[in-house]
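Take a look at the letters that make up each chain.
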Amino acid sequence: MTYFARKFGFFLATLWAVVTLNFLIPRLQPGDPAEIMVKRMAGKDAALDQAQVEAMRAMLGTPTDSLWHQYISYLGELIHGNFGLSYTYYPFPVTEVIAQAFWWTVVLVTIAQVLSFVGGVVLGAYAAWRRNSRFDSVVTLGSTFLGTLQPFWIGLLLLYVFGYSLGWFPTSGGYEEATPGWNWPFIQEAVSHAFLPALALLIVTPIGWILGMRNTMIMNLGEDYIRLAKAKGLPDRDVALKYAARNALLPSVTGFALALGGVLGGAILVETVFDYPGMGRLMGEAVEQKDYPLLQALMLLTTVGVLLANLVADLLYGVLDPRARRAEG
Amino acid sequence: MTLLDVRDLSVRYEPKASRPLDAVQGVTFSIEPGEFVGLIGESGSGKTTLGTALLRLLQRPGRISGGSIEFNGTDITSLPEDELRSLRWRDLSTVFQSSMNSLNPVVRVEAQFRDAIEQHSSLRGEAVTRRIRELFDMVIIDPKFMSAFPHELSGGMRQRVNLALALALDPKFILLDEPTTGLDVVVQHSILENVRRLQAEQGFAVLFISHDIGTVLDLSDRILVMYAGRIVEDQTAGALLRRPLHPYTKGLLGSYGDPREETVKITYVPGRPPDLSREMTGCSFAPRCPERIERCLETDPPLLPLLGGRAACHVAHLQHEEGGAGPHGEPKRGFEGPQFVKTADESRSALANEVVLSVENVSKVFERRRGFTVTRTEAVSDVSFELRRGEVTALVGQSGSGKSTLAKMITGVETPTEGRIVFHGPDGDKLVSGFKGRALRDYRSNVQMVFQDPYSSINPAKRLGYVLSRPLVNYQGLKGEELRERVKELLERVALTPAERFINRYGYELSGGQRQRVIIAKALAVEPEIIVADEPISSLDVSIRAEILELLNDLVKENDVGILYITHDLLSARMLSDEVIVLNNGKVVEKGPTLGVIRDPKDDYTRTLLDAIPNPF
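Heads up: the protein sequence lines correspond to chains A and B, in order.
Using numbering that gives the first Met the number 0, the letters of the first sequence correspond one by one to residues 0 to 328.
Using numbering that gives the first Met the number 0, the letters of the second sequence correspond one by one to residues 0 to 616.
Do not take every clue at face value.
Said to hold, decoys possible - Keeping only pairs whose Cα atoms sit at most 30 angstroms apart, straight-line, the calculated BS3-like set for lysine-lysine is: (1) Lys229(A) x Lys15(B); (2) Lys229(A) x Lys143(B); (3) Lys601(B) x Lys586(B); (4) Lys241(A) x Lys229(A); (5) Lys590(B) x Lys429(B); (6) Lys487(B) x Lys461(B); (7) Lys435(B) x Lys586(B); (8) Lys429(B) x Lys586(B); (9) Lys264(B) x Lys15(B); (10) Lys461(B) x Lys407(B); (11) Lys556(B) x Lys407(B); (12) Lys171(B) x Lys229(A); (13) Lys241(A) x Lys601(B); (14) Lys590(B) x Lys264(B); (15) Lys601(B) x Lys590(B); (16) Lys6(A) x Lys15(B); (17) Lys461(B) x Lys429(B); (18) Lys143(B) x Lys241(A).
In short, the hints are calculated from the structure, not lab data.
Pulled out of the complex, with its shape left as it was, chain A reads as follows (with noise of 0.2 angstroms):
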């Protein structure tokens, strides 16, 4: 059980880390952001004009407190969910803008990297069963090949057939004219407007998984338990399955949980390619149009994603590989 009290006492302390790093690094920069904002609306060869930067600090809010009471208040303030206002939807809050994307990008990509990663480890490990057979070979060189391309220019080349020249698909955004909400319309074009973009996502992600399966699965194919589970003259498909791909399926757990926190920052560049309004979209257009408190909310979401993925993962090899609980317990 100390295994799993020290993993999460572990997630405990590294999430204050982040927050406070989250915190400090903006007030480690040089410059008024006030000052900053005046400038870039002006354009660079401007006089300032004090009038508008008091104003901007009006809007913005000016810190006066010593350092130690911001870091209070801002703990208190992300406690209750308020990240402050999106400059570029201004004056919506962050969380209101953020809600609005999280779950077109959950559903889209956590359904993209679960497919992914059970199509993946499936395809391996029975190429690593059926080893130098016509069915590996297709499958190795043919994920060689395809892990070579990257999904946004899948993505791209699906966009052009079709949503473009076939017009099978909407090229782009998440629905049309439906109400939002649990009605057939709606459901019905989302999938629509869905299906090219995860499609970019299932050609290439699968891949890594399958490579990866293959080869430690092919590694314990070779282990003397593998031998013996044989000479027990067990079933071939016990063999396979709950001896080498119990076994080789180990390593990739950790990284399936490790995706899965990445899908917090959205598939970026596959959304932009669709315009598919989730948080990676977002996350572009923050990063352009510089919009500070968006960005900051983001990248903390996205932090907390990957440490939550982290935990899982530990806890859950914990409970596959009985050995990580003593060799640390």
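Starting from the structure of chain A, add chain B where the hints point.
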């Protein structure tokens, strides 16, 4: 009826990248129900391949290329996997060589018994648990370990669990492939006792594969001797010991001696086994054989019945036909090859030499900090002894006895917690502790290590000339012609001659014994005062161990170095060392001249170690 009948079995490996190789060549033998048969041979003789073939577990690029295996009346040579499966484990089970790895690491031990039992019997649920408990009792393990994961068991326990697993379905035949290699002598001994008792009680047949002829003689009814892919001798254990027929068997027997004798002689087989991927004419053992005659180089001797057994040797058959009175003389009992002799007298004089290292009341405590708790383990406690020039002190004990920790302190890797180690070097006395940087380097030019595993201690990407030149360049700043001369000299010193032939070769091209010679040459390069040799022969084949012992012995005599010889094997300690220190749980339990300790052990632990030496004589 014969249980296992193997006829003319051949196994061929056909790797894509290199020449095909016949690892097993036309092997014929049979095993009766309840018979305990030993199969001995050195590494690369094809014994494990033969065992794997019997279980039909060969993996590509290996395959059965000829002959047949009949088990209990069924030909299993080409039986389809589906039909074979019902035979597996119920009739034929096995304990593998590295049983450390033969349990699935992520599944509880109980489940690994359960799947095999449920696959082949009608037992379910509680009945299976009862059976597993029964099996644990058989191998003397507390049944509470049923719910453990494999890593929670010690090496010895894992091997017992594997044995229990092999017995799960009352098989008719069990293949034991070096089941105790890598385990401690004492543990090894108790597991083999257990095997013998169970075999007597339950009457299953065993094929016991091992490289250790002592253990095989101890346990088996009958012994098959394998060399270069063939069986060269087949006799009952008693007859084989009394009257070995094949010179190779004589060589293996010659590698044992009685450590209690005043003068111990052990022989070794010079040279190395043939490359099986090359065509050869005549007897495959002929190049290494002291009894060889003209005919041996021309025709390959078939395995023919002789004196109730079988032997594949022209000389043995001729001698028998001639009745011992013909031109080929009487059959010889011993191996007339090179010999390594150790007398007790040598030790007496060595123990009067000048002291080069003194260890005074040394203790080592390891502290492990975890959060706020500190665990203290005393690895070595209050150990004192002296090492002399031209003398060998053996540090004997099983794993965990603290012998490696002591070696680390002597080589300056660890610092003693209490007590002191003094090196009486050429520059006066020096306290060995906390050496860093230059001081450590200077000290290392006086104290060198030879490790256990010669296979991983030579950089595989470099030629031997380079490997040996490194210490010379680093410590003595030699270069050019001088360096080359010195490298050659080192090679010749460890009998890798002619040096020109070895200087441009790679470590992996050499045999285990040759590699260990290179390691020793490397240690000699800096002309050390002390060599710490950590189990230098335990990974070598029995037939060549004496060769390395002899080399070390010569070094002691010629160069006046002191050797600290770390081992768990009292026989080799007797062969090499003048004084022996027996360690148990970090404490010295017995100390004295080697012969004295072996003849008249005072401590119980020393007695246990002595009993664990397989002694066929």
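Right, here's what the structure says about each hint:
With a C-alpha separation of about 25 angstroms, the suggested pair Lys229(A) and Lys15(B) falls inside the 30 angstroms cut-off, and the hint holds. Simply put, Lys229(A) and Lys143(B) have alpha-carbon atoms about 27 angstroms apart, close enough for the 30 angstroms limit, and the pair holds. For the suggested pair Lys601(B) and Lys586(B), the alpha carbons sit about 15 angstroms apart, so the restraint of at most 30 angstroms is met. Between Lys241(A) and Lys229(A) the alpha-carbon distance is near 12 angstroms, which keeps this suggested pair within the 30 angstroms criterion.
For a cut-off of 30 angstroms, the pair hint linking Lys590(B) to Lys429(B) stands: about 25 angstroms separates their Cα positions. For the suggested pair Lys487(B) and Lys461(B), the alpha carbons sit about 16 angstroms apart, so the restraint of at most 30 angstroms is met. For the proposed pair Lys435(B) and Lys586(B), the alpha carbon gap of about 28 angstroms is at most 30 angstroms, so the pair holds. A hinted pair counts as satisfied when its Cα atoms are at most 30 angstroms apart, and Lys429(B) with Lys586(B) qualifies at roughly 25 angstroms.
For a cut-off of 30 angstroms, the pair hint linking Lys264(B) to Lys15(B) is broken: about 46 angstroms separates their Cα positions. In summary, the hint linking Lys461(B) to Lys407(B) is supported, as the alpha carbons are separated by about 27 angstroms, within the 30 angstroms threshold. The straight-line distance between the Cα atoms of Lys556(B) and Lys407(B) is roughly 25 angstroms, inside the 30 angstroms bound, and the hint therefore holds. Proximity of Lys171(B) to Lys229(A) is assessed by CA-CA distance (about 18 angstroms); at most 30 angstroms being required, the pair is judged to hold.
At roughly 52 angstroms between alpha-carbon atoms, Lys241(A) and Lys601(B) are farther apart than 30 angstroms, so this suggested pair is violated. With a C-alpha separation of about 24 angstroms, the suggested pairing of Lys590(B) with Lys264(B) holds against the 30 angstroms cut-off. Between the alpha carbons of Lys601(B) and Lys590(B) the distance comes to roughly 10 angstroms, so the proposed pair stays at or under 30 angstroms and holds. Simply put, Lys6(A) and Lys15(B) have alpha-carbon atoms about 47 angstroms apart, too far for the 30 angstroms limit, and the pair is violated.
Between Lys461(B) and Lys429(B) the alpha-carbon distance is near 35 angstroms, which puts this suggested pair outside the 30 angstroms criterion. The suggested pairing of Lys143(B) with Lys241(A) holds, with an alpha-carbon distance near 24 angstroms, which does not exceed 30 angstroms.
Of the numbered hints listed earlier, those contradicted by the structure are 9, 13, 16 and 17.
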